[in-house]
Amino acid sequence: MKRMRNGLVGGGAAAVLTLAASCSNTPVTPTPTPTIDPPVTNCNVTPPTTAITPALLASGLPCDATIVPPVTLPNFQHGFDYYSWLTFLALNAPASGGVIGKDAPAVWERWKELSEVMKPDGSRPAPWDAPRTIPTACRGVGVPKGTRVLSMVGKTPDVLSATVQPFDTGPLIDQHGRYVRYEILMNRPMFEYIVQNDLYSKQGQSAFTATVDFPEGDVVEGTTNGTIGAIMVKASWMVLDKSDDAGAFHTTQALVYTPPQDNPRIEESCTGATLGLVGLHVAHKTAGAPQWIWSTFEHVANVPQRADVDAGKLAPHYNFHRANCSGCAVNEPPPRPWNPNVQPFPNGFTSQIVREVPITADTDALTKAFTGLLAGTVWRNYLLVSTQWPTEPQSPTDPNGVPAPAFLANTTLETYVQGTVPQASSSCMNCHGNAAATTGRTSDFTFILERAH
Amino acid sequence: MSAAQTEYDVVIVGAGAAGSIIAKQLGLAGKTVLLLEAGAGVPPNINAFMQRFYTSVAKTPESPYTPDLFTPPGSGDLTDPSTLAAGRPTVLTLRADNWQNPHQAYLIQEGPKAFASTYERVAGGTMRHWLGTSLRFLPNDFQMETVYQQEVNWPIGYDELDPWYCKAEAEIGVSANVADQSYLGITFPPGYSYPMPAIPHSLVDDAVDAATQGMTFEGNPVTVTGTPAGRNSQPYQNRRVCAGNTNCIPICPIQAKYDPSVSLNAALDTGKVTLWPQTVASHVRIADDDTVSGIDYIQYQQVTGPATGAGTVQAKVYVIAAHAIETPRLLLMSTNDGRFPDGVANRSGCVGRNLMDHPLYLAWALAPQPIWPYRGPLATAGIESLRDGDFRKERAAFRIEIGNEGWNFAIGDPDTTTLDFINGMNVSGLNPPPAGGTPAALWGSALVAALNDGLSRQFRLGFLVEQSPESTNYVSLSSELDPLGLPRPAIHYDLSDYTKKGFVAAKQVADQVFAKMGAKQFTTPPAANDPTSFDYDVDGVTTRFKYFGAGHIVGTYRMGSDPTKSVVDANQRSWDHPNLYLVGSGTFPTVTTANPTLTIAAFSLKTAAAILAQLG
Amino acid sequence: MASDPMTPFVNLSALLTGITAAKLVPPLSPSTVPQQIFDTAKTNGGATFDQLLTIYADAVAQRMTDAQIANQVFVANGPDVRYLARSIMLAWYLGSWYDPKVLQAYDSPKPPPGPPSSVVISSDAYTQGWVWNVAQAHAMGYSNFTFGYWAKNPPALSDFTGATS
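Respectively, the protein sequence lines represent chains A, B and C.
So in the working numbering, the last spot in the first sequence is 454, and the numbers never skip.
So in the working numbering, the last spot in the second sequence is 711, and the numbers never skip.
So in the working numbering, the last spot in the third sequence is 558, and the numbers never skip.
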């Protein structure tokens, strides 16, 4: 199954040096180029038939999904959902070490954030270990003291900026009238691939004539040896109010940064806040899934399912739905203009969101089993919506590999494009299959490259 | 919302391309704008549009939009337009048995021929279902009378419009390259480049291109040129690149094609623009000093009416952007208690007159080898070299669009051919019966082989023939009323001899191109009672031509330099009412041979600047 | 599994359509279109649907060749079976249901004007219609290919249909 990696990886490093030398007056000191996806020896290959016990908490990150027979859709879906939970456990372990449990900055939160890679001047990103750049507007902004984040890691805090969902479909407004914040991060193999192939700038993308082909996670059969593939994470965060039960969320103390914008006219601003994680996408490119495996998680109290609403079976509280909200338009974005500096949202608007496509019973049962391992931690409050995976990864006629399930949406990340209408409704692979670099050429299922300047 | 007594800087009737683009410019400049949209507002996503499209048996240009063409939805039963508060035409009512039935066809077609184009009444307007073709007009298009003693001149020349074309190309996001587009006098500012690189040609284009190398017609070269497209070849305006869904008309499922909701949303983003959907402008009020003093409107909640609200909105400046049929309808309805018996802005008598389209000649054939249609955008290249020439003294010019959708437009394929091979029929011509026998009904590998062989070689050419302006082609008010009590538009329509001669030339070019390609032609003449057909003598032989609508509704409130012969000036301002602008393709004195949208956008931007200057 | 009527229905459909059963219903397929077509055919076909499956089962039991089975379906058992079989083929190919009686009316030297009436079974029945694969293309309004694919030749026909010619 091991496929040829991009042939330019070696040559790319040389090209970097040449380019840098030609653009800079300072002499370039060649430094060893890190391997894009170095071998690992601890791939989590736990089969999905394994009993769900605390032993799994330390089982590590899967390098690819481990799937066992029979070859049926429900069994494979179970296998990929099981993979999703193993991935969740591994990536939400504290960045500082140890197994998942305490509410501390997670492994993925220390990955490279998109704006650190695609810089406004198209310059080369700082190395993987470099500290986060803080926008000028955020300097001097008081971050609440006594935060575990800052005290423990001793690094710069997270910066959350984006407020509008992809393709300008709209922001999500919580019950306090505040904007949900989004961030996109990537792991080191993905970062190194972008840097070493100069894909962080329009100029570099133009010069890159090969097909973009991010590294794949892979396992040497019968072993735990392998590689970690490119992983993208997209997270949604809700600003927590005193009235919110902060103990129910994975939290972060972050700088909430609003970049300036011409239309709608938005002034640059920055504040510090405590935020709770409400949504988490994890996409991992693997040998078995060159279309990537798309796992998506949500906070358990986000929204009711459509059937629950119809049956009148509502919980007392949701993050993005209010009971007895007569006349509230369901799953509609707020009226324009959208200005996150004007909070709460004018005229008392709050998003009234419902999950359109129900979570399957099997996925629900798996969530209950895994969150059973997480009792007493904030992580018990997260559920798996589903996992989208390619049923025919090598299909010659469908580059998207015939994904299952056909549709998948996170109510905090694809709030307004839920549904089951082909092309129009959210499907991770069908949408990301259209992703292109700034050149217009296909970008291997990530929209990250189009953000280059 | 109807209770609002606010006076806006500008009221715009119609949230389509022209209205949205103008609203955006005014909003960015800090002016308050109210947009009145007769149809539905902007939906939160396109799920409903796409679902309606996918489940429509007839996937017409109108199929995704509202009000639903069918009642109940998904059935084959046309909604009775007389029950609709804001009805709209559909190509499904161009049949001999329904084109003049007011319970089937929204337009009251008075003949003698049927007007074949349709439009939308929905936020985003008719350009929601445009193809994306973003051609510039030719310098000679603006001076037909001077150069060819035909038609009329425009009050503006190419050079004056050039900078507005550049701005329009940025607003829409056009993919093309300057070298390809510099033909027949088209020029660009020094150093100009289109917002995005050109869209690649299809294999269909390549086949036509290869066969027409060196070809001429009446001494003019026949050259295949890539078509400038309002479709993304790179990520642009927060929209994806084109993935070749082959569905620009009626709807791009991934919005890689620009549609006016992009500009409309940007207008709303300014915070200065308010949109009132389901609000039909019903009367333009004129004060004693000839200025517009208000626009009356009627609102409805259900698509079938009745009226649920009414009122008058006021502004400093008014813009009517309701396309070339609803705009004259509104002007003609605005009699102001008899003070303007011929309607507003109509001292010239030209309102409603000179209705034009690109009557389209369609020719289809089977290439000798597979050329792989049904792939890519609906059209990626065309033949533009016959858009201008001395022949325009004698006959209508045309451009030729090369279709990438096989015989879909021509005969409703692939459905028709599939039915033929499975049910033993021969509507397509691809399943001819053996002598004395009946057409084959196939199954298994023979079915696959026959369908693959036919479908993979299909292609068509569409000729957009320049229709001459005729005052006898016009929009008037019918005695049929809609549920809001407003008279429905009546259409009087025919084709001139000049236009028909263009069809004869189009047929000759099609025949010659197919011959060069070694392609077998399957173009079939229309039935004798087809309301969109005409007979014409070709070399002594009476030949029956079918014409299709191109959706390019043009000319009913023409611009000019003489107030007695035109309705608006070169800024699209009414000669009669200094605070009234009439925009959209209705102002075009001639239809030219190019698809009108880019020019609509260019003039809209020009008008926005004029309005800002007037407002101070 | 032997009593599951879906399996013989798919096998018969494969024979009639020329698309392999493995392509019509891939082992891991998330598509519900085959079930939609089965349900639509069963509902609209009634007793004739059962008769058609019985004819097929008997033919298989008698180890008939494909051509012999086709003869049973299209010739030997009368027009009700013939046109229901064609309706099923059209459902796979176009994602629309054409009533067998309508098809019968059109199967004549002088068919009525205009296309026969039909209804679209569902949005995905349309987008997954097999005619698009046989054209080596994709449904109009539903492409999974990427920018510029139209400038290159499509994958081979056998990649789409599963059958080698």
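Don't read these hints as lab results, they were simulated from the structure.
Beta carbons: idealized from backbone N, C-alpha and C, even for Gly.
Hints may be right or wrong, so weigh each one.
Unchecked claim - Short derived list, chain A residues pointing at chain C, Cβ under 8 Å:
(1) Pro40
(2) Val41
(3) Ile68
(4) Ser202
(5) Gln204
(6) Ser270
(7) Gly273
(8) Ala274
(9) Gln395
(10) Asp399
(11) Pro400
(12) Val403
(13) Pro406
(14) Pro423
(15) Ala437
(16) Thr443
Stated by the list, open to error - DEER-style ranges, computed between Cβ atoms:
(17) A:Asp122 / B:Leu710: 36 to 42 Å
(18) B:Gly136 / C:Lys494: 49 to 55 Å
(19) A:Ser124 / B:Gln397: 54 to 60 Å
(20) C:Thr400 / A:Arg307: 32 to 38 Å
(21) A:Ser207 / B:Leu710: 30 to 36 Å
(22) B:Gly206 / C:Lys503: 51 to 57 Å
Tested hints:
1. Pro40: The hint is violated - Pro40 of chain A has no Cβ within 8 Å of chain C, the shortest such distance being about 30 Å.
2. Val41: violated (28 Å)
3. Ile68: violated (10 Å)
4. Ser202: violated (20 Å)
5. Gln204: At 20 Å from the nearest chain C Cβ, Gln204 of chain A fails the 8 Å test, so the hint is violated.
6. Ser270: Check failed: Cβ of Ser270 of chain A comes no nearer than 37 Å to chain C, outside 8 Å.
7. Gly273: Violated, about 42 Å.
8. Ala274: Not OK, violated: Ala274 of chain A not within 8 Å of chain C, min 40 Å.
9. Gln395: Cβ of Gln395 of chain A sits 11 Å from chain C, so the hint is violated.
10. Asp399: holds (5 Å)
11. Pro400: holds (6 Å)
12. Val403: Cβ of Val403 of chain A sits 7 Å from chain C, so the hint holds.
13. Pro406: Holds. Min distance 6 Å.
14. Pro423: holds (5 Å)
15. Ala437: Given a least distance of 6 Å, the restraint on Ala437 of chain A holds.
16. Thr443: This interface hint holds because 4 Å falls under the 8 Å limit.
17. A:Asp122 / B:Leu710: 36 to 42 Å: holds (39 Å)
18. B:Gly136 / C:Lys494: 49 to 55 Å: violated (43 Å)
19. A:Ser124 / B:Gln397: 54 to 60 Å: holds (57 Å)
20. C:Thr400 / A:Arg307: 32 to 38 Å: Roughly 33 Å apart at Cβ, these two residues keep to the hinted range, so it holds.
21. A:Ser207 / B:Leu710: 30 to 36 Å: violated (43 Å)
22. B:Gly206 / C:Lys503: 51 to 57 Å: Cβ of Gly206 of chain B to Cβ of Lys503 of chain C: about 29 Å, so the range 51 to 57 Å is violated.
In this structure, the hints that do not hold are numbers 1, 2, 3, 4, 5, 6, 7, 8, 9, 18, 21, 22, in rising order.
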